[in-house]
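> Protein chains in written order, with the numbering used here: chain A, 1223 to 1558; chain B, 2 to 291; chain C, 3 to 410.
Keep in mind the hints are simulated off the structure, nothing from the lab.
Computed beta-carbon distance windows for the label pairs:
| hint | chain 1 | residue 1 | chain 2 | residue 2 | range |
| --- | --- | --- | --- | --- | --- |
| 1 | A | V1331 | B | P86 | 40 to 46 Å |
| 2 | C | V402 | A | W1320 | 51 to 57 Å |
| 3 | B | H35 | A | V1407 | 34 to 40 Å |
| 4 | C | N313 | B | R177 | 56 to 62 Å |
| 5 | B | P86 | A | S1554 | 26 to 32 Å |
A few chain A residues that don't get close to chain C, going by computed Cβ distances all over 12 Å:
| hint | residue |
| --- | --- |
| 6 | P1339 |
| 7 | A1436 |
| 8 | L1530 |
| 9 | Y1533 |
A quick note: this is a predicted structure, and the numbers were derived from the prediction, not measured. Glycine is no exception: its CB is placed at the ideal position from the N, C-alpha and C atoms.
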Amino acid sequence: MSKRDIFQRLQGTRGGAARPQILVWLTGFVIAVLLPLAFKNFVLFQLTLAMTYAIAILGLALLTGFNGQFSLGHSAFYALGAYTAAMMMEHFGIGYIWTLPVAGVVSLVFGFLFGLPALRLQGIYLALATFSLAVATPQLLKSKPLAPWTGGVQGIVIIKPDAPFGLPLSGDQWLYYLTLMVVVVMFWCATNLISSRTGRALIAIRDNPIAARAMGVNVSLYKALTFGVSAFYTGVAGALGAIVIQFVAPDSFTFAFAIALFVGLVVGGVDSIAGALFGGLFVLFVPNIAEQVSKGLAGAVYGVILILVIYMMPSGAAGLVRLVVSKVARKSVQQN
Amino acid sequence: MQLVFSQILAGLSTGAIYACMALAIVMIYQAIDHLNFAQGEMAMFSTFIAWQLLHWGLPYWPTFFLTIAISFVGGVLIERIVFKPLKNAPVLSHIVVFIALFAILNSSAGFIWDFNIKSFPTPFGTTPLFGSLISSHDAGMIAVTIVLLLLLYAFFRYTRVGLAMRATAANPESARLVGIRVGWMIALGWGMAAAVGAVAGMMIAPVVFLEPNMMVSILLYGFAGAVVGGLTSPFGAVIGGFAVGVIENLSSFIPDVGNELKLTIALALIVAVLTIRPQGLFGRVIVTRV
Amino acid sequence: MRRKGLCLLLGSTLILALGTSAALAQKKYGPGVTDKEIKIGNINPYSGPASAYGQIGKTIAAYFNKVNAEGGINGRKINFISYDDGYSPPKTVEQARKLVERDEVLLIFQSLGTPTNTAIHKYMNAKKVPQLFVATGATKWGDYKHYPWTMGWQPTYQSEGHIYAKYLLEKHPDAKIGILYQNDDYGKDYVKGMKDGLGDKAGKMIVSEQPYEVTNPTVDSQIVNLKASGANVFYNVTTPKFAAQAIKKAAEIGWHPIHLLNNVSQSVGAVLKPAGLDNAKGILSTFYLKDSTDPALKDDPGYKKWLAFMNKYHPKGDKTSSFTVYGYTAAQTLVQVLKQCGDNLTRENVMKQAANLKNLELPMLLPGIKINTSPTDYYPIEQMQLQQFDGKEWKPIGPVMSGELGGS
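Can you build the whole structure from these sequences, using the hints too?
Here it is as structure tokens:
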């Protein structure tokens, strides 16, 4: 996608086209709020999980899509958030709600610290460094010095929270609404961040770091901070994921999960905030579809679906939507 | 001291595996300018083809060369069928297709040949060498890696096709302008990468046993080796592969955590090296003009 | 409702106890059961790093096809729904909830893996859905007090470790033990079993412990360390691929200790043959299932039954793999439980009958090994036999032993 496109889109979000977009978001929100009336707890549980993945993917999108830093290691930050939440609940008996911001902040700090050496790495080298992080995570979690806190290979079992204030909701419904609230807040923040001065600086760094520096952007600081913010998002997602699954274990956070998040990012559209939602749904549901087609060849079916998706929308779902919208717009302009 | 020496030798013999893989990775990087995540699975699939041929009664060496040929054709076909239509897609989409390819090859191999381990023969025997610390197969594997390296070096340096391939990877547009058929050069690169992968697979399988997941972890070590050595240098990749094998074994000497975390320690060390020399130990600095 | 169910349950078991035909009891069905079918759920890793175990799920499915082709259980066909979790705990939770809440199965049978089953342990017990005969040897599956809806099946890893320790204390009290183990719950359980079995001598006898990760390409470095430690007993706690590597590497570097190989990797066809039969000579291991690759079994009636089943219903299955024997025998255990349930197919009664298996002998269990459970004994198979590989086949040494874990 070219710089002009970004420019246009940036204008679009603040200009006249903003109203239909807000309408779309609002409709989506209303539907999301009403869903628990129509679906069983199990489907809600799946959607809740998909939303946590979407938050994690959004974190990745901020890093990769808007700042041009590549990560194959976000499962590590997801794990960090999940374990922070689980350990706070297990060892200190802290309420689950409070674990979310703490998990986010812990991840932010780690992400920022990891972002500092990562400054020196680019493209494939950064990919390897982050991928190493993903591979090392399960081993670190079960290593002897950490095992008393992390539960080692056994992991930590968490108690499922009930709805507070005597709300007439089942546990799954409550978690669904809680996650939905977090999604709304996080996505709203991301949208504002991207269209702010800071966001334009991030995009400028992605498109041309040297020019950005020449314009007075502190490239190093912004890049490391983006890593931190990205990790914050993913860490909060991890904490939510842990509460929803009620269990954390090293085997839950292997590099396969990092790759799944990455796939979700690309099929959703790397530089799209709404695309992250599509990515979250993709990560959760497509393997299930593949499994239904063929048990023995589930992996192959998944691969074929993935290739077809990329053929149909090389720039992800968001890219496709953008293409369709611009075509329709052009047509209506011509008709006028 | 004796133990340190043994561990270094053991590290060299596993390092040979990584070196083999790293070489294949660098090969494709030279040709297409990407790291191919499906490289390991392609090598694994080729090895299964070889296993099948042997199972049908073909002798070792004809199988060896026939597998290389089949893999070459397979690599070209993958490029023509899967990647050519995606020529203009963003880089990240390419990586997702690599992941898709990974899933397809892994799952089909399991479907066709199941997940039980299979022994794969070695032409070099398993006689112990050097006070029984490395076997003749390890030595043979190291020799094959070095021969392969020399052949590739000569190919890229002294043949027209090799030069054309390098030009294609370095600057496709200029290459096209001087009359190089860029599309076919990329396909050729895929073919060669698959062929080198097949050799790597057939050398590695006798040590780790053949099964669909055999390459998953080796690929990571291969990447690490290739990146440490410098992705632009086949020689660097081979040295990098050996280095990763030795470093990993030596980190098991760190008290308390060394044994449990040797991969982690090795990876941390590699990342540290990269922050000091981001282009790898033997890689060229690629200067991009603004 | 639940109390009423319990009363009925008590009543029906009373009738059973009196020896009256189950058909007389009033039909009583839990979720997933009709006059025509019984829905059974299962979760297996058909994809991902542990996909080798997927064979177990496929074998179980094939066995239920056989049961259905032969008329089902008390006239009901088994509808076996098996999902893939790729050995990832979050996916296991999702699949288990799909089975329980959407498919409404009667029970989940033989879900595989320790971390994966731990992830659904609490859920299954809160929902009161049987998590029956889980395919893992961790000790926690026998905790009938806190988790009455979960039951293991195979001997626990720890009890197997006990048996090896007992053997060493008896035969080689001065042994220096080197341990190679997979760095996860399974490996650590085996090590714990050995250490508990050795008691206070453990510290002196164990000279080296070498963990490996499933992501390690080889275990060469660990074997080199073990040899250098001067160990003369090799306690090999590895999965098939690494077991074959270890056996081969030890022989290659000229290390010939007393070799104790864990039950997971004792298959002649799938491990010892690839590793080299000569290299494997003298290895000791414990058994509870027959080894399908043992040539001495040729005329064994149980083996013949298994072979007939494999040929007719699971021709694609691997006859040299112990997983097909495992799946076959586990499926037969469930069929026995469902037969005992008669027409009272509630979840409560399933657990009651699962905890009421008496001296059950199955075709592919070693002679003398019987399945026994009770409301206070949730460990169905607790006996094993030590055998030694003579370069061609496994030969029993000593009697069938029991490695009971005294409570826990």
